[in-house]
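Chain by chain, the residues run as shown.
2 protein chains.
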Amino acid sequence: MKLKAEIIAIGTEILLGDIVNTNASYIARGLALLGIDTFHQQVVGDNPARVKQAFEEAYRHANLIITSGGLGPTEDDLSKEMGAEYFGVPLRMDEIAKNHIAGYMVRRGRAITDNNWKQAMLPEGCIPLYNDNGTAPGFILSKDDKILIMLPGPPSEIVPMFDGQVIPYLRSLSEDIMISRTLHICGMGESAVEDKLHDEMIAMSNPTLAPYAKEGIVDLRITAKAKSEEECREMIRPVEDHIREMFGDLVFGADEETLTDAVLKLLRQMDLTVSAAESTCGGLIADRFVRQSGTSDRFMGSITAYSNRSKVWLLGVKEETLEKHGAVSEETAIEMATGAAEAFQTGAAVAETGIAEKTDSSKPSGMVCVAVKVGDRVESDTYYFSRRRNSNRELAAVYALNFLRRILLQVKDEQSQNS
Amino acid sequence: MKLKAEIIAIGTEILLGDIVNTNASYIARGLALLGIDTFHQQVVGDNPARVKQAFEEAYRHANLIITSGGLGPTEDDLSKEMGAEYFGVPLRMDEIAKNHIAGYMVRRGRAITDNNWKQAMLPEGCIPLYNDNGTAPGFILSKDDKILIMLPGPPSEIVPMFDGQVIPYLRSLSEDIMISRTLHICGMGESAVEDKLHDEMIAMSNPTLAPYAKEGIVDLRITAKAKSEEECREMIRPVEDHIREMFGDLVFGADEETLTDAVLKLLRQMDLTVSAAESTCGGLIADRFVRQSGTSDRFMGSITAYSNRSKVWLLGVKEETLEKHGAVSEETAIEMATGAAEAFQTGAAVAETGIAEKTDSSKPSGMVCVAVKVGDRVESDTYYFSRRRNSNRELAAVYALNFLRRILLQVKDEQSQNS
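First to last, the protein sequences are chains A and B.
The first sequence runs 1 to 419 under my numbering.
The second sequence runs 1 to 419 under my numbering.
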């Protein structure tokens, strides 16, 4: 059967605006990747009558309902009961769910209350979705061409349950499978990327090509639909090759690979360590390295020199450089990069100095100068961003890291040509 | 009349999961603050039939509908037409809206197309909501105890329109007004704060008291309902005084004031500058200062010393301290703070060294040591967090900053007692 989905988030916190409904967008994106249409979403409070009404309204247009939240342990949490009632089945104690709950609580040294056992009650005939990250199991209930999938509310619980158990189930319902591959581009704006691709994009139906932009990075998602994974991969390959040819070294990676991963890979291949010098980025370059596990073999550290004096004292920027060219100049950025490489004794260094927002300066808001030092080679560049303060700062960190990546790539290519 | 609201977001990007529905939570929160109940939310695509159906479903339970999105300039954007049709009124060209659009486009040097004029068409008899941040005006339509408020989709347009025009309109419908004041607490977990407050919280109906936790900070929102703002403020004052007495210096500010603001205020009062030394925070302490405008008179910079060697070279941490106590110890944190104060020549410094996630170390994941130096005084503390890598890092930055604030406060109090 052709699936038409509706997503229902259950939770008073969402209705009060205390939390943002990220679960709905996570589920929606997963469904879109599977090729399942969603035409409507709802949010209701933890109220049995309204939950039931939401089910009734949803099944008027859809045959697959996915809910998040409302599976809590208290007496008030009756959404599961409403689901079972709608399908005309009773709740039964699920012994495996009970063991999961007991295990979860014991591992955390918490006492088990009677309320917890209520969470182990599941609708008769359902497919249980056991929860390794919380106490509430989810479940799949299916009858007369209607499917109900109820999932817990906390993102740390729903995400692994959806990815690990719901997606495989939904895949199993379709004869075709869909596979996506996402290429990441940095160094060109979204509209420029779209302009370059335009003809290809509109002409393609399988595989499809869709662009998404976020924080200075444009993702191109290629999605193929076919009978087997192998077939999908074969359909994706020529499109990927074509895009890589078109955008050259602006493509820094695919799927889970981050910009930082791409930089780290080059540093490892070239046996280099790296450090940073920051001004208006104020720690965001360091954060790009430290937020990932396993970067401490390459990333030695960063100096945020927010005052001119600290640029001089700690990074060895010359007073006359600051006077002649200003703190926001490629000349200053170059001396900052050199200073960082010196201070941290690293083979590579990246530096940034910019203006995050309108000031008295004669230089424009959003102007960012970056410099990279790799061995003896020093390169610099200037970018102009036009967002708000902290978006400009984020973009500056991403562009600085991307500039580092491109210079590393060039140096590596030259080395391999010379050897 | 008693208002019952329903929020409808119109946009295919939300149904595809490409963007998160932050508009709904923004509107929901605003309504909650006004004391207007919302029992249901919907999301629909840019499809006239489904938009109309969403209106019909919503007015079955609610008398106030607020929509976001669907007011674009193209032929496909027909949500406004559906709204006018539902209320049985035609669309008319609004000359002021037309001027707004022309002005907006001219300021940006963009060409005006016929499609833009379509955006200046508004339902007859509506209250227009002119848009200074985009081309699409919003509007309020009201008839037979039903209100429809349609707003544009981009957050940069809807937020000022909602705050500046919709909230005053909704306030004018109520005889009572509601005023809130939010106190910020750092240094105590959400459940501990709630336990301490429990009796007060449940007993209160006007003003009400509601806690919200985010990234190591617990907000307590006091909301009063009365005939005048003055009356509301008088009802809030004793509750605020009581909370401040109960939590002492854990309360760092109110309303818009951030933790960084509180630190900066003390630094200015005490005529001190500040610097930081970071390890697993990796720039997040620096970011707390640099993300705000106007901090460069106090914040000089930060050194992220991610390797042991850089802790020794750049911050002067002793080799024997690292050997004897380890990199994650209060002893190391103290030497890092001292090193930062020395390197940046600041009167105050804050340092952090911790373990963001499970490693081979004998010390537990989430353990974070912080130290603060203010003049000659040096203090240190250790915290244990139990979240994931980057949440632990965020919490560490917040707790380090809060520790700095508390030591500054103590030093200031001692100084004023001695003088």
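The hints are simulated quantities; they were obtained by calculation from the structure and are not laboratory data.
Check each hint, because a few of them may be wrong.
[Unchecked claim] Here are the computed lysine-lysine pairs in the BS3-like style, where the Cα-Cα straight-line distance is at most 30 Å:
#1 B:Lys265 <-> A:Lys4
#2 B:Lys265 <-> A:Lys52
#3 A:Lys2 <-> B:Lys2
#4 B:Lys4 <-> A:Lys358
#5 A:Lys52 <-> B:Lys2
[To be verified] Some residues of chain A that are not near chain B, with every Cβ distance over 12 Å (derived):
#6 Glu6
#7 Asp37
#8 Glu75
#9 Ile243
#10 Gly283
#11 Ala356
#12 Val378
[Said to hold, decoys possible] Label-pair ranges, simulated between beta-carbon atoms:
#13 A:Ser191 <-> B:Leu173: 41 to 47 Å
#14 B:Tyr212 <-> A:Gly88: 35 to 41 Å
#15 B:His198 <-> A:Pro154: 19 to 25 Å
#16 A:Glu414 <-> B:Lys363: 39 to 45 Å
#17 A:Ile167 <-> B:Lys363: 33 to 39 Å
#18 B:Trp117 <-> A:Glu357: 29 to 35 Å
#19 A:Gly88 <-> B:Asp199: 40 to 46 Å
#20 A:Glu319 <-> B:Glu95: 54 to 60 Å
#21 A:Gly125 <-> B:His198: 54 to 60 Å
#22 B:Met246 <-> A:Gly35: 43 to 49 Å
#23 A:Arg110 <-> B:Glu200: 44 to 50 Å
#24 B:Ser391 <-> A:Gln269: 29 to 35 Å
Idealized CB from N, CA, C, for every residue including glycine.
query: So which of those numbered hints doesn't the model satisfy?
result: Result: hints 1, 2, 3, 4, 6, 7, 10, 11, 21, 22 and 23 break, sorted rising.
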